[in-house]
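Colleague: Here is what each chain is made of, one letter per residue.
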Amino acid sequence: MIVRFLLIAFFSISALYAHKINLFAYDEEGSLYVQSYFTKSAPCKQCTILLQDSQDKELARFQTDDEGKASLKLPAPHFKITVEGGMGHQATLDYEAKSHTKEELKTLPADMPLSKVALGLAIIVFFFGALFWIKRPARR
Amino acid sequence: MKILLASLVCATSLLAHFQTVMTDQSVVEQKNPKVSIQYEFTHPFEQQLMNMQKPKEAGVFFEGKKTSLLPNLQSVEKNKMTTWKSDYTIKEPGVYQFYVDPMPYFEPAEDKFIRHQTKTIVDAFNSGEGWDKPVGLKAEIVPLSRPYSLYAGNLFSAKVLYKGKPVPNAEIEVEYYNTKGLKAPNDMYVTQVVKADGNGIFHVALPLEGWWGFAALIDDDEKIKHEGKSYPVELGAVLWLKTEKIQ
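Protein sequences appear in the order of chains U and E. Terminal number for the first sequence in the working numbering: 362, no gaps in between. Terminal number for the second sequence in the working numbering: 967, no gaps in between.
Hints in this document: simulated from the structure, not taken from any laboratory. Worth double-checking, as some hints may not be accurate.
What the hints assert, rightly or not - As a list, the in silico DSS-like pairs of lysine-lysine whose alpha-carbon atoms are at most 25 Å apart:
{"no.": "1", "chain 1": "E", "residue 1": "Lys-853", "chain 2": "U", "residue 2": "Lys-242"}
{"no.": "2", "chain 1": "E", "residue 1": "Lys-751", "chain 2": "U", "residue 2": "Lys-302"}
{"no.": "3", "chain 1": "U", "residue 1": "Lys-242", "chain 2": "E", "residue 2": "Lys-811"}
{"no.": "4", "chain 1": "E", "residue 1": "Lys-945", "chain 2": "E", "residue 2": "Lys-832"}
{"no.": "5", "chain 1": "E", "residue 1": "Lys-754", "chain 2": "U", "residue 2": "Lys-291"}
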């Protein structure tokens, strides 16, 4: 019985060692989507995902579903993602968000540099100035 | 004069024609998910290009589904010959097979048409599965060794299929895409040749880092009419893969 248990434990460990844990993430419209797997058809089920900022402060901790997937709102524009697959297996990814976080969406106009705003205003003034000059009454 | 002409024809026929499909990366990482694909009709070792017409079909095969890349294809002039390129952004883990079915090329020196159905296989984000699945081309090489993340010096094994069935004793031409200006001792060294076993399985060692092409040449059951005459078709099952040097 003990031998059988040891054999099962040995084969389980061997199988796990044969597989490297992988982490894939992308974001869309302020949401982060994470997928973790050993191979494409072997998801990292119910694995813990940890998001941390550059000072290693925890931003979020959650678990994958049975397909190895999870999603949540983007907590920051840049953070570290770690997946823990048990038995010392983990994978880490430095992540730069491509879509805006919810907080950033509220302040989106502020993203526009002042130089671009000034240029836009200058173009408008020039356009209406030119229009005014063309349409001005002819001098007699 | 006759002898000269005959030897010229023999010399040109010694050069193996290869359709290529090569990507700028065969293992895709998250930092760069955009894959650039180039399509050429060439003599890979000598780097002698031929004009390539817009192919009949070009696409990507992912998880049992084909997606056409034909609308995105752009012609590129290289050494005064037409080649083609496209790109594809990968959005999820998996194995992606980029393939092309070119317009049949008439080779007057051999009195036949050449049609090389060609593919290369790319892994995205360490998915690790699906590289051994056929795309479903009429002639196809299906790998038995993982066809990416290979080291120079590895032994590569694969199976030749025609209409989905193994081709016993198929003849496979092997060429190195020679961008390093390597010189062969003589013409016989340019194209290596191996034969498959009774189950269509062959093995090849890959001594150099870079791109390697394998072309299993099969007499197709279809003929093509050209200027009132019916010509046989050399149907090629072609696979390209890249090896890397251990640093």
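Colleague: Could you run down the list of hints and mark each one as holding or not?
Modeller: Checked hints:
Annotation: proposed proximity of Lys-853 of chain E to Lys-242 of chain U holds, straight-line Cα distance about 22 Å (limit 25 Å). Of the pairs offered as hints, the one joining Lys-751 of chain E and Lys-302 of chain U holds, with about 14 Å between alpha carbons and a cut-off of 25 Å not exceeded. Restraint check: the Cα-Cα separation between Lys-242 of chain U and Lys-811 of chain E comes to about 21 Å, which is no more than 25 Å; the hinted pair holds. Proposed proximity of Lys-945 of chain E and Lys-832 of chain E is supported: the alpha carbons are some 10 Å apart, at most 25 Å.
Distance check on the hinted pair: Lys-754 of chain E and Lys-291 of chain U sit about 23 Å apart at the alpha-carbon level, within 25 Å; holds.
Every hint, counting from the list given before, is met by this structure.
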